[in-house]
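Peer 1: Quick note, the sequences are listed as chains A and B, same order. Quick note on numbering: the first sequence equals residues 0 to 162 in numbering that gives the first Met the number 0. Quick note on numbering: the second sequence equals residues 0 to 162 in numbering that gives the first Met the number 0.
Where hints are given, some of them may not hold.
Since copy identity is lost for identical chains, a pair holds within one copy or between any two.
Listed next, the in silico DSSO-like pairs over lysine-lysine satisfying Cα-Cα at most 30 angstroms (straight line) [as the list claims (entries may be wrong)]:
id, residue 1, residue 2
1, K132, K159
2, K140, K31
3, K34, K132
4, K139, K31
5, K31, K132
6, K73, K132
7, K34, K159
Bear in mind the hints are in silico, worked out from the structure with no lab data behind them.
2 protein chains.
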Amino acid sequence: MNTCEILYWTIGIIHSEHTIEENTPIQPVYAKGCKGYVELCPEFVEGLSDLSGFSHIYLIYHFHQVRSVQLLVKPYLQDEGHGIFATHAPCRPNPIGLSVVELLGIEGNTLHLDDVDILDGTPLLDIKPCTAKFDLHDIKKNGWQDEVDEETAQQRGKRKYHQ
Amino acid sequence: MNTCEILYWTIGIIHSEHTIEENTPIQPVYAKGCKGYVELCPEFVEGLSDLSGFSHIYLIYHFHQVRSVQLLVKPYLQDEGHGIFATHAPCRPNPIGLSVVELLGIEGNTLHLDDVDILDGTPLLDIKPCTAKFDLHDIKKNGWQDEVDEETAQQRGKRKYHQ
């Protein structure tokens, strides 16, 4: 199996109130009320047509602050080590981030968002709708996350945000 | 706003029974029973540690057959045109695919999967767990998808698969 290069381009920038990495919530579920916006490159505005009808969207983005890859990590929610692919930690072989955020509205090339768990200035790669038809999965097993009680998850998941 | 290049590497290959594009279901929800597997590059196997505890995983991959970008498209489910970011069509500015598949088991560098809606031979970019804590969203609006009844969606979503 040969590995090969894949080249993408940033299509916009994600802006948020999170300017310090350790104060940034780790997931949208721990970022309720954290507003932000996407500034899309103007040449792609036509691609936003009809997107405002969706309440939730996927943002796929580049973890631009990551400098090294770790295959074993301790996730923010737990002090145990796990394989990087069993976590959402940023130090992945390809540092790709994925968040489902709430879409509040669109003005021109600006998408207004809630539940933003993304560092200010993050380069955006793609936007997709998140929908009841496609994205409600019958999740049966949650691996190591089932060992983390909800109160601990809420506290650790928010990191230093709101302190 | 400056656009800039982002360089990734394939970390594995997705194998499936779907060898013809127009016979490939458009989403995992229309690919129930479609088995497949990921062949991960052996150097990343350590990163799979504890992943087998999760029933569902995100695969992020490269639509390697896409040759052009379209900002307005007719999605498979409907004959109306919509902005590319309001659909999951492959001809995106960055041709990045996203599927939540069921993880049946892991042997070495092979991940056995169900609900695979991905063309055989597709280059893999990332794997993340899909979990009850992070990924059950309170989706309120489904845009144009609400205009498509479930029977039509099932028929069109499977495309020519199972005919």
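Peer 1: Each hint needs a verdict: does it hold in this structure or not?
Peer 2: Against the structure, the hints:
1. K132 / K159: Only across copies: K132 and K159 sit 19 angstroms apart there, 35 angstroms inside one copy, limit 30 angstroms.
2. K140 / K31: both (25 angstroms within a copy, 18 angstroms between copies)
3. K34 / K132: Both: 26 angstroms inside a chain and 21 angstroms across chains, each within 30 angstroms.
4. K139 / K31: Classified as both; 25 angstroms inside a copy, 16 angstroms across copies.
5. K31 / K132: both (24 angstroms within a copy, 14 angstroms between copies)
6. K73 / K132: Between copies only: 17 angstroms across chains, 34 angstroms inside a chain, cut-off 30 angstroms.
7. K34 / K159: So K34 and K159 pass the 30 angstroms test inside one copy only (17 angstroms; across, 42 angstroms).
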